[in-house]
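Chain by chain, the residues:
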Amino acid sequence: MTDAIGIGVGVASYGVSFGALGVSSGLDIFQTMSLSLLMFTGASQFALVGVISAGGSSVAAIVTAFFVGIRNFAYAVSMNDLLQVKGLKKIIAGHLTIDESTAMGLSHKETDGAFAFWTTGISVFVFWNLATLLGAVAINVAGDPKALGLDAAVVAGFLALLWPQLKNWKLRYLALASSGIALLTFSFTPAGTPILLAGVFAAVIAIRMRE
Amino acid sequence: MSMWTTVLIASLSTFALKVLGYFLPESLVTNQTSKRIIAVLPIGLLSGLIAVQLFTTKTTFAFDGRIVGAISAIALLLFRAPFIIVISLSALITALGRYFDFWL
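Line by line, the protein sequences give chains A and B. Mapped onto this note's numbering, the consecutive letters of the first sequence carry residue numbers -11 to 199. Mapped onto this note's numbering, the consecutive letters of the second sequence carry residue numbers 35 to 138.
Hints were generated in silico from the structure; no laboratory data involved. Watch out, some of these pointers could steer you wrong.
DSSO-like mimics (lysine-lysine), calculated; alpha carbons at most 27 Å apart, straight line [stated by the list, open to error]:
| hint | chain 1 | residue 1 | chain 2 | residue 2 |
| --- | --- | --- | --- | --- |
| 1 | A | K74 | B | K92 |
| 2 | A | K155 | B | K92 |
| 3 | B | K69 | A | K158 |
| 4 | B | K69 | A | K78 |
| 5 | A | K134 | B | K69 |
| 6 | A | K134 | A | K155 |
| 7 | A | K97 | B | K92 |
| 8 | A | K77 | A | K97 |
| 9 | A | K134 | A | K158 |
| 10 | A | K155 | A | K97 |
Quick list of the computed label-pair ranges, beta carbon to beta carbon [as the list claims (entries may be wrong)]:
| hint | chain 1 | residue 1 | chain 2 | residue 2 | range |
| --- | --- | --- | --- | --- | --- |
| 11 | B | F95 | A | D(-9) | 43 to 51 Å |
| 12 | B | I105 | A | Q72 | 29 to 37 Å |
| 13 | B | L58 | A | N156 | 13 to 21 Å |
Glycine included, each C-beta is placed from N, C-alpha and C at the ideal position.
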């Protein structure tokens, strides 16, 4: 329980950043809040506003957010096995299925995984949304995003999300090559497309490196 | 597409991903190829996003204060700084540089 609250508080720092970045990317406070309430998966939310602020189309933004969120699908499959929920509870469990709740659920598998999952999910949901609101309101009051260095903060945020995923040199090279693909295709494809192409490139390489 | 439509469709599709997992058999994601794609897709997409956010504006390539912010972020990540510190310090460094006219 205290762990669950601790994680919620920790996540709140991402939430404040997301609220601020959402509003400075051209969404209003209500749209930014809707993402935290309805989408409720940080990396996809950051990706969506990232593509929009880069001038990408709606379709590119939606597709990017979807593919960034695809790991939640895998989480849901493994949590279904652990939680054994039915009916409406499946829907609520689905909404709360994110990195933190899944990690807590799986690491408490031997004792009470379901309790750890639910408390963490609810705690993160509450803190994440309060923090988003705080960030969105604060930046609305503070003014010029560029003078505040927020365009650099967006990049820093993505770097921080990517960092822990680069577990070995293969993945680090893959990340570099993917950004190369995005830059190479930037000048002759519609905005937002280079990001998708980087994702497709990474997936194709992953499939080909079977061993 | 309006911003609201974008927000709602995107939210619905990521929500569907999470809920779908509770209704499908586990064998679908335990196969090696799906596992690898699921692990690697976010890496490719985030790398693409970083490159675009760092080196371009809406229409052209651009090299400005964001690069200093990104270098600060990488340095902080190497020292295992927490997320909020990485974000706020790199914003602060970029903002200060702009204020004192060191970079754009």
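Outcome of the hint check:
A distance of roughly 47 Å separates the Cα atoms of A/K74 and B/K92; the hinted pair therefore is violated under the 27 Å criterion. Restraint check: the Cα-Cα separation between A/K155 and B/K92 comes to about 32 Å, which exceeds 27 Å; the hinted pair is violated. Our distance criterion of 27 Å between C-alpha atoms is met by B/K69 and A/K158, whose separation comes to about 16 Å. Restraint check for B/K69 and A/K78: the C-alpha separation of about 23 Å stays at or below 27 Å, so the hint holds.
For the proposed pair A/K134 and B/K69, the alpha carbon gap of about 39 Å is over 27 Å, so the pair is violated. For the proposed pair A/K134 and A/K155, the alpha carbon gap of about 32 Å is over 27 Å, so the pair is violated. Using a Cα cut-off of 27 Å, the hinted pair A/K97 and B/K92 is violated, with the two alpha carbons roughly 47 Å apart. Our distance criterion of 27 Å between C-alpha atoms is met by A/K77 and A/K97, whose separation comes to about 19 Å.
For a cut-off of 27 Å, the pair hint linking A/K134 to A/K158 is broken: about 35 Å separates their Cα positions. Of the supplied pair hints, the one linking A/K155 and A/K97 holds, its CA atoms being roughly 25 Å apart against a limit of 27 Å. The hint said 43 to 51 Å for the Cβ distance between B/F95 and A/D(-9), and at roughly 45 Å that hint holds. Between B/I105 and A/Q72, the C-beta spacing of about 48 Å breaks the proposed range 29 to 37 Å.
At roughly 30 Å, the beta-carbon separation of B/L58 and A/N156 lies outside the given 13 to 21 Å, and the hint is violated.
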